[in-house]
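Start from the sequences, fold in the hints, and give me the full structure.
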Amino acid sequence: MSASAVRFADRLDKVETSAIRELFKLLGKPGIISFAGGFPDVALVDVDGIRAATLAALEQEPAGAMQYGATEGYAPLREQLASFMQAKGASVAADQLVVTTGSQQALDLLGKTLISPGDKVIVEGPTFLATIQCFRLYGAELLSAPVDGDGVDVDRLEQLIVEHQPKFVYLIPTFGNPSGATLTLERRRRVLEIAARHQTLIVEDDPYGDLYFDTPPPPSLLALSESVPGSRDCLVHCGSLSKTLSAGLRLGWMIAPPELLAKAVMCKQFSDANSSTFAQATAAQYLKSGRMDANLKRARTVYAERAQALCEGLRTELGDAIEFVAPQGGLFVWARLTGARGQVADGNEFSRRAIEQGVAFVPGAPFYCEQPDPATLRLSFATSDVEKIREGVSRLARALHAA
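FYI, in the UniProt record's numbering the residues of the sequence shown are 1 to 403.
Please keep in mind that the hints were generated in silico from the structure rather than gathered at the bench. Errors might be hidden in some of the hints.
Taking lysine to any residue and the SDA-like style, the derived pairs with C-alpha atoms no more than 25 Å apart in a straight line are [unchecked claim]:
#1 Lys167 - Phe213
#2 Lys88 - Ser289
#3 Lys288 - Leu55
#4 Lys14 - Leu137
#5 Lys288 - Arg250
#6 Lys288 - Asp95
#7 Lys120 - Glu259
#8 Lys120 - Ala9
#9 Lys88 - Ala299
#10 Lys297 - Arg250
#11 Lys112 - Gln165
#12 Lys167 - Ser289
#13 Lys167 - Asp155
Bear in mind that the values here come from a model prediction, so they are computed numbers and not experimental data.
Below you can see the structure in the form of structure tokens.
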């Protein structure tokens, strides 16, 4: 078939390739230090624990690990995930969740089950880039609710809900990507009250909540929904093992009202029949082993040290040329160039200069679905040690002053 005979779906006109993935093509330069990715550090993966869990899965239930499985998920993993959520204050039963191929598939299932072309969806500004791409692929008209250091602006969010009556609202309340912001307890309660009052579905994406540095974050919207009448039926919760156990296992989960969960399972049947039962059986054995807590503690310590090094370096090396709120967890620092003393104030231009100096980050504009702020940028401290972070910030300073 010739290229001219290929006729693509109209919905592809609404999306473009990820700015982050495109940036990665530039990172093959020897010696480059990358603050660009959003990956967890593979050196923090509990390889010994996963190896033991893999062997246990093969020895104890090989048929379950090596055969097709239920679309809803491998029953022992669903039970472990329900217990995992219960330990964090959320009342969840195993049959109230579906296992997904990473939390990314949960977003795709929400697009398939909820979005018709032209439907309005509210997201944070800025928000997870893949969310923008996914929801636009299904024809959503995206609206942006602003975010500050305490998370989404709840007053503005309610105004948008009243004005536009969206199909749903998508939030990353805890250590957001890219914002790094954490929604305060007071704002969380207000979000749930707004959801119940306006009967608006809220999607809570929570891949980073376990990666706090010192003090645990406020309870998830899911956990808090028990105390806000009528809000649980207006809530979807998406979780992931990618940032805490292993990204390579590609496992996440979605908790949703029964009718929505049933539709999501139906659509998942069309996509992949079931997420890898081998990966699910391995994850179930790992969670059962009790090793997660110790590994999370180790990861929190390492990421906290790296975040501190990055924030201190930015203050020292870039000074008033950059502003940011230091995150209390997660993998990201969200920053804004001030243009002080006539220095560069455009993220794309700064990125170009940074690459020339051997350091990379992601310009912030693509993280907005509307009215992008070109002065913003996202820096991830996750995969570089403290020494590399300090050198990377020095290179950023040189890029700042480059002609």
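query = Hints broken by the structure, by number, lowest first?
reply = Those not satisfied are hints 1 and 12.
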